[in-house]
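Trainee: Order-wise, the sequence lines are chains A and B.
First residue of the first sequence: 1, per my numbering; consecutive thereafter.
First residue of the second sequence: 1, per my numbering; consecutive thereafter.
In short, the hints are calculated from the structure, not lab data.
C-beta atoms are modelled at their ideal positions from N, C-alpha and C, and glycine is treated no differently.
If a hint is listed, it holds; no wrong ones were tucked in.
List of simulated lysine to any residue pairs, SDA-like, C-alpha gap at most 20 Å:
1. A:K149 <-> A:R432
2. A:K488 <-> B:H356
3. A:K488 <-> B:S324
A few chain B positions that, by computed beta-carbon distances, are all more than 12 Å from chain A:
4. S100
5. A197
6. G205
7. L207
8. L298
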Amino acid sequence: MARLRAEVLVIGGGATGAGVAWDAALRGFDVVLVDRADLAIGTSGRFHGLLHSGGRYVVKDVVAARECVAENAILRRVIPQCIEDTGGLFVTFEDNDPGYGDRFLAGCHTAGLPVEEIPVAEALRMEPVVNPAIQRAFIVPDAAIDVWKTVWSLADGAVAHGARVLTYHKVIGLHTEHDAVTGARLRNELTGEELDIDAGFTINASGAWAAQIVRMAGIEGIGVIPGKGIMIGMNHRLVNTVLNRCAMPADGDILVPIRTISAIGTTDIRAADADEIPVTQAEVDQMLAEGERLVPGLRRARALRVWSGVRPLFQDEKAGGAEVDTRDVSRTHAVVDHRKRDGIAALLTMSGGKLTTLRLMAQDIVDAMCEQLGTDRPCRTAEVRPPRNEDGRYYQVGSRLAKREARLLDEQLICECELVGRERLEETMRARGTINLDDIRRQLRLGMGPCQGGFCIYRATGILHGVGRLSGAQASTSLLAFLQERWKGVWPILYGDQLRQARLDDWIFQGLLDVEHLPETGTGAPAALLEEEPIPA
Amino acid sequence: MSRHDAVVVGAGLAGLTAAVRLAEGGASVLVLAKGVGATHLSPCTIDVLGYDPEPVDHPRDALRRLVDARPDHPYRLVGADGVAAAIDWFKGCFADGPLSPYAYAGSVDENMRLPTAVGVLRPSAVVPETMAAGDLRAGGEVCVVGFRALKDFHPVLLADNLGRAAGVQARGLELDVSPEDRADVNALGFARAFDDASFRARVIGQLAGRLGAGERVALPAVLGIADPHAAWRDLEDRLGRPVFEVPTLPPSVPGMRVFATLRERLRRAGGRVILNVVVTGAERAGARIIAVRARVGLRDAVHEADRVVLATGGFASGGLELDSGWVARETALGLPVAGVPAPGDSRFRPGYFDDHPIGRAGVAVDGDQRPVGPDGAPAFDNVTVAGATLAGAEPWREKSGDGLSLATGHRAGGLMLAESGAHAGPAAVGMGG
Ligand SMILES: Cc1cc2nc3c(=O)[nH]c(=O)nc-3n(C[C@H](O)[C@H](O)[C@H](O)COP(=O)(O)OP(=O)(O)OC[C@H]3O[C@@H](n4cnc5c(N)ncnc54)[C@H](O)[C@@H]3O)c2cc1C
Ligand SMILES: Cc1cc2nc3c(=O)[nH]c(=O)nc-3n(C[C@H](O)[C@H](O)[C@H](O)COP(=O)(O)OP(=O)(O)OC[C@H]3O[C@@H](n4cnc5c(N)ncnc54)[C@H](O)[C@@H]3O)c2cc1C
Chain A
1 MARLRAEVLV
11 IGGGATGAGV
21 AWDAALRGFD
31 VVLVDRADLA
41 IGTSGRFHGL
51 LHSGGRYVVK
61 DVVAARECVA
71 ENAILRRVIP
81 QCIEDTGGLF
91 VTFEDNDPGY
101 GDRFLAGCHT
111 AGLPVEEIPV
121 AEALRMEPVV
131 NPAIQRAFIV
141 PDAAIDVWKT
151 VWSLADGAVA
161 HGARVLTYHK
171 VIGLHTEHDA
181 VTGARLRNEL
191 TGEELDIDAG
201 FTINASGAWA
211 AQIVRMAGIE
221 GIGVIPGKGI
231 MIGMNHRLVN
241 TVLNRCAMPA
251 DGDILVPIRT
261 ISAIGTTDIR
271 AADADEIPVT
281 QAEVDQMLAE
291 GERLVPGLRR
301 ARALRVWSGV
311 RPLFQDEKAG
321 GAEVDTRDVS
331 RTHAVVDHRK
341 RDGIAALLTM
351 SGGKLTTLRL
361 MAQDIVDAMC
371 EQLGTDRPCR
381 TAEVRPPRNE
391 DGRYYQVGSR
401 LAKREARLLD
411 EQLICECELV
421 GRERLEETMR
431 ARGTINLDDI
441 RRQLRLGMGP
451 CQGGFCIYRA
461 TGILHGVGRL
471 SGAQASTSLL
481 AFLQERWKGV
491 WPILYGDQLR
501 QARLDDWIFQ
511 GLLDVEHLPE
521 TGTGAPAALL
531 EEEPIPA
Chain B
1 MSRHDAVVVG
11 AGLAGLTAAV
21 RLAEGGASVL
31 VLAKGVGATH
41 LSPCTIDVLG
51 YDPEPVDHPR
61 DALRRLVDAR
71 PDHPYRLVGA
81 DGVAAAIDWF
91 KGCFADGPLS
101 PYAYAGSVDE
111 NMRLPTAVGV
121 LRPSAVVPET
131 MAAGDLRAGG
141 EVCVVGFRAL
151 KDFHPVLLAD
161 NLGRAAGVQA
171 RGLELDVSPE
181 DRADVNALGF
191 ARAFDDASFR
201 ARVIGQLAGR
211 LGAGERVALP
221 AVLGIADPHA
231 AWRDLEDRLG
241 RPVFEVPTLP
251 PSVPGMRVFA
261 TLRERLRRAG
271 GRVILNVVVT
281 GAERAGARII
291 AVRARVGLRD
301 AVHEADRVVL
311 ATGGFASGGL
321 ELDSGWVARE
331 TALGLPVAGV
341 PAPGDSRFRP
351 GYFDDHPIGR
361 AGVAVDGDQR
371 PVGPDGAPAF
381 DNVTVAGATL
391 AGAEPWREKS
401 GDGLSLATGH
411 RAGGLMLAES
421 GAHAGPAAVG
431 MGG
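The shape of chain B in the complex, shown without the other chains (with noise of 0.2 Å):
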């Protein structure tokens, strides 16, 4: 048995951002996760708002139309201003963090226009400084690099498609490079690979005399994981061009990165992650949560905590589960799951792309982030909820998902720290120091 101030349960984006917050706030923090969660999937641009359905070149705008518009919508609960509140914070955690100088780019004042794996120019708000050089909006000529041995980028595929692009000329390359000469290497195993300056110096010795004058570099977004900063500006350097990053397939190795970086500085706080964790419910007294009910492997176990940030994602990541006679539960604390339909309508409609009656369910909150009932009425005062499980939302269609986790999980954090300050008692204790 433990007690903490808070624990978050959940380890992607917008539970590690919320812990971040409370344990650099003061507050004793444990984040219980079943896995990664999906930073090790995402390319982690910080996508604010890609499509409102159309293409949103200016996301702040956007963002105060959207939640005009659709007053479910979970941005309602940070508006535009909350959301480049929590991206300032987000860029300041790199700062001093375990990559530095490893730092992100952009504002949620404009989206850039970054190439995707196959082609497409996406709407990104903030990225990695090693993507930002693929902003082609003003159109460019570009150079798409990838290695036969990384199955999960292909960059003639990708040129072909970018190349149809307004003002873009593309071409593809793929090189004979490996790690270890291997014929089938992940994004990881190339990323660990161009850590290294020799290998660096073997994929800028095939690109020598092949780069035209006007040429910018992509690659696969694997150039290093220990010092990606050192590794991309080592190839700016030496190949005299910009170089940008392009995200591949997961493993997602700018993911691991914020991964990194913010478990780092919860650890600088006092916080703790503990990873194969699940969370199968939770000791209430009256409206309060008091204590999370946790098994590992075959043993339970139970941690108390004063609040609680649930922060476990949506279908994609086992926060929430529908059964097969379609009654959808949230696994960790067994929250109300809102928008699924009635076991005999339709969830799903029969075209890929249409518009599917399930795609916003998740739980429901009200204004501070509790979670609700079908009534309106909180379900429990001192639990918080953040990220991909509030409902509302088809972040995957919209291209909002770490925006929106980011901004909920910041404001999450800043909930929890107000309030605690409001009611200092003994729960409180260790708080604010």
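Only chain A is shown next, with the shape it has when bound in the complex (with noise of 0.2 Å):
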């Protein structure tokens, strides 16, 4: 069996773990990151695309609210590429507690939250969609945050200071010895073959799967409770502002622009498992509803996906464990140290927290580590900048269309709605190493536009198949994947133009390709995508 060494291993390839296999990394430490499937797949490519100003919490957490404000601002500073500086507008209902504006203005005072209330008219003016009922609207520094260019920027900077990013490599096991996590056994989702890795530390980044890589150590009586929250994509930027219910959290009370769509979310409700999350037709409803409140004419606009994500809700017995409403647990996180609470040392566990905290969060689990470890190494990512940030610059809608007009003619479009072309789509198969359609699309966002895939998807296997030296029967499976995938997040929501646009994919892939009738194909699983060799890096 093969085995590696390291100094920390990480488990969890979302915002967190990036965000601790970086911070190490620029400590020097000797790092490797794994995570079960592709980076940012679990909660954080499930989220509502939200760098949260703090206003949110500032009436009933002000601690939370606090690491906000402080982190909202450096996130700014280090990864602006990753961020698109829209603003944030909270707005009152008459229908809302009348007394929740003034403790919304005092609880930004209290928390340190630039805020300013401006006049209704001209919120209307700024936002000319939202509901012209609202009492009141203030501004704060809301932003918009894209995950994937976040986790990818974080990782490959980590791996600039030398660690490695083991991608499907999912832990099976922890290794012990003398009341210490001393590694653990991975398996590689795609060829199934098992490795070992020895390591001095190890931290757990797994988000809600926490749970079970901890009982992997014997460690019991802690317990994560999904909480399910749905967001709908809807094919228009309808604010360029992120549009917040002014009032206690509750459902479908935010409307986030990211790009060119924007994101109505989202709801709380338990899950029973993680990994079994999907969106019923209720929930689309519950969500329509609460946004045409924020922004009527909303159900008119065509809704182009659907996705859920879970909230880990961490029960501890040892800490009492009582039964709580998930949002109405602290969005603060803690690092749960194994050493004192179960007497097992070199394993440390991240709690709770939201992705606008990520870098607190990996700052507060790696000063724990150094702590236990005896060393004294200060963390710099708040003033060092990873990968594809060093401009300096926020992300500007548009900026694929000016790059793209610069070269219109010399190259081939492969995603009309994304704008992707097919050197870049290359490249990045390439680079990515990965036969898999599925990853390139959350690189790329390829497939993800109002045509939800219809053109691109044959382009992107057919060009697939030559870059990856793929067989017929791998494209094949990749490509069945790819639409079963789709379909997932889209089945939900189909009515008006997403209907419409549905039924058109299904003649080009049922009617004109026939893809129902490929010869043999694997059954989707991805083991059967890597008979052959990966495509060399």
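Please dock the two separately framed chains into a single complex, following the hints provided.
Mentor: Printed below as a string of structure tokens:
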């Protein structure tokens, strides 16, 4: 069996794990980051896209609010290319608690959050689609953050400092010796091969799956209850500013502009299993109804896709373990020190938190590791910019279009909706060494525009088949897996133009190409994809 | 305001077929359509029935079984003989059409097996002559030739999958030839280039010495739009072997050839097509529609008609719509839509290839193709429904799309002619001439 060695093993390639890997690598640790799938495919890839100003928490959880205020400012400085500086608007309605507006303002002041109340007329001029029935309006520094760019930038930064990233490697066991964790057993999810890793220290950043990991070290009494939230992406930038209902956090009360679309969300429903979070039609109906209250006419916009993620609600029996509404739990994070809690050294678990505070979470847990290891290495993530953020500029909508226009005639456009050119696609396929179209979708947003891949999926399959020297069966499996993945995100919201598009896509894939009868495909399991050597990186 | 014996709503295969039949039968015909319909997207192979759900070899027999087993299926309206008659009529349209001698081959008796752009051997009954040599039921050696600049056709992927079919040997070649050496040219751009002998010569030059003795040549379905027969024959002659077209992603060049042919026949018979017109409702007198209301840009117009053919397609072309409260409507005349699950019930299932409860939704009709309400009684006496609007089928799965639209459009025209002949009143002035 293959064996690897590292000073620090980070389990989980979401925002937290990538942040930890970047932080630890910057401090000079030799790091291995592992994820059972691709990076940012867990909760991080299914979140709402908001870089919180803190406004959402000022009334209810001032600690969380303060953290957001500080981290929002730092992330704007160090990863500006991952952020679009949209600003945020909090609006009150008549049916809200009438005192909430004043408490909101007071809370902002307590938390140190820069806020400005503006006249309703001015808010409506800024965002003409907002419900004209709003009573008060406040401006805060909310922003939109691109999680894929963020996570890949942090991971590439870690790699540039010597880290290794193993995607599609699942932790299936932890090794312990003398009451300390000494490493883990991994299974390559594409080939089925297993490998052992010896690690001086292990950081569990597996979010909603954290309890499964600690159980592998024989630790009991930690549970994670998944709280499911759904979001619907609408085919327009209905607003240019993040729009928040100024009231106690509830369902469907935030609309975030994300590139060319906007996302309405979310909900919070107990789920039995973090891996089984299908969206129901009732949830879609509820979300559309809530969205309609914020922005009348939202239902008439085209819904592009729906996704869901899980908030991990940690329950620690040793800490009381009372059941609570998952939204009532503080959104701040905590480092679980298993040496103190369970007498097991060299293992820390991150619990709770949010994407906005990923840097602080990483700093806290790496600090705790340094303390346990008895070394003093200062955190540098508040100053150093990870790759592709060096120019210090925010992302702006339309930059892809501007880049494209410069070379409109000399390159083939593969995805018209998201403006992905052939060279960029081929480059990404080579660099990622993946034969999985879905990995490429996340990286390039391929097939995520209005046509939902109707055209580009076939094209990308053809190109991948060539670039990756795939067999026909491998290409077919990848194509079918992509179609299923896409379907998962659209079927609950198929109405209006999106149903029309889906039916056109049915005609392309089933009518014209007859993909249902492709000869000898695998079952869609990724293992079938790797009968041959992967593409050389 | 205008007045016609028949207004046909929809300019897809069903609408144009009905319109040509009516006009050639002597009726004054006006076709109103929002857009050009699926002909510009679909390869326009006349797929009668490809799967039931096993691959179908003999559609005529399979149709009989289908109609017995599924009395709600729209093929019950036409039957196997009706399909055969429609196909004969359709082939006849090309005989003295604008693209003649370009023709269709095949019949309702047998399905050919033609490769798709991913290399699946798909059952098809009646296809353009330019595709017929792709019938690989008996196997064969194929060299699939594509162009790097044409992103909607990937020859190596196609060949790789095709080569796994019984008795087929296939390989792919990608050529670096394109009109004006551009990097990104769609199917229509290539088709225009293939009309030009000098472009064909460039392609032939690139293939010289690269083809095996027994190999036929597959090319994307872009072999000419003005004179496809000449382009295809020229390639066959100069390459000295069978050459065939394989449909690409849209836009569809073979579909445009069908549209051009039918539209020209309609023009010759005195019918007219107006595009960019959305039909938004109708004026009625009792159980009859006396006029349709249409919107052109911001203007509204009223078109009086004795009879209306509704051939507006399904959800894909905007003939049917589902709103965010999960209520469906037929967009032109507001006819009832059958087969839509109630708002709380599931419309789709989580697996892409599952049976989806909303799959067969559409306008329900009686035996004369008149729309009926939930009670089964006709909603209008003088409206005939044809094509993808009809309830009861999932043609993209059965591979019956153009077969259904052609056959039901053909019958719609026939039914109306017969009726107007039966009671020739003032309304029928101009008919039968
Ligand atoms: C609906 C919703 C909306 C949200 N919106 C926002 C927002 O707008 N703004 C904001 O700041 N925060 C938001 N959050 C919170 C934020 O998304 C999360 O706090 C954050 O993404 C958590 O990241 P993570 O890395 O801890 O977890 P994850 O991203 O879930 O990462 C954990 C990783 O561990 C991997 N893993 C699991 N088991 C194993 C194993 N055995 N071996 C190897 N790897 C394993 C998983 O594959 C996964 O990639 C939202 C959360 C939800 C649920
Ligand atoms: C990409 C694609 C690939 C296909 N591949 C195949 C294939 O390989 N084999 C096969 O047999 N079939 C295939 N089909 C299906 C086949 O083409 C269609 O089922 C068939 O052509 C439908 O014809 P139709 O006339 O019934 O409707 P359509 O062609 O959809 O025409 C509907 C017409 O009605 C108009 N319209 C709609 N609403 C209104 C309104 N309110 N007012 C005015 N006008 C209106 C539209 O603009 C259009 O002109 C394919 C379809 C597509 C889209």
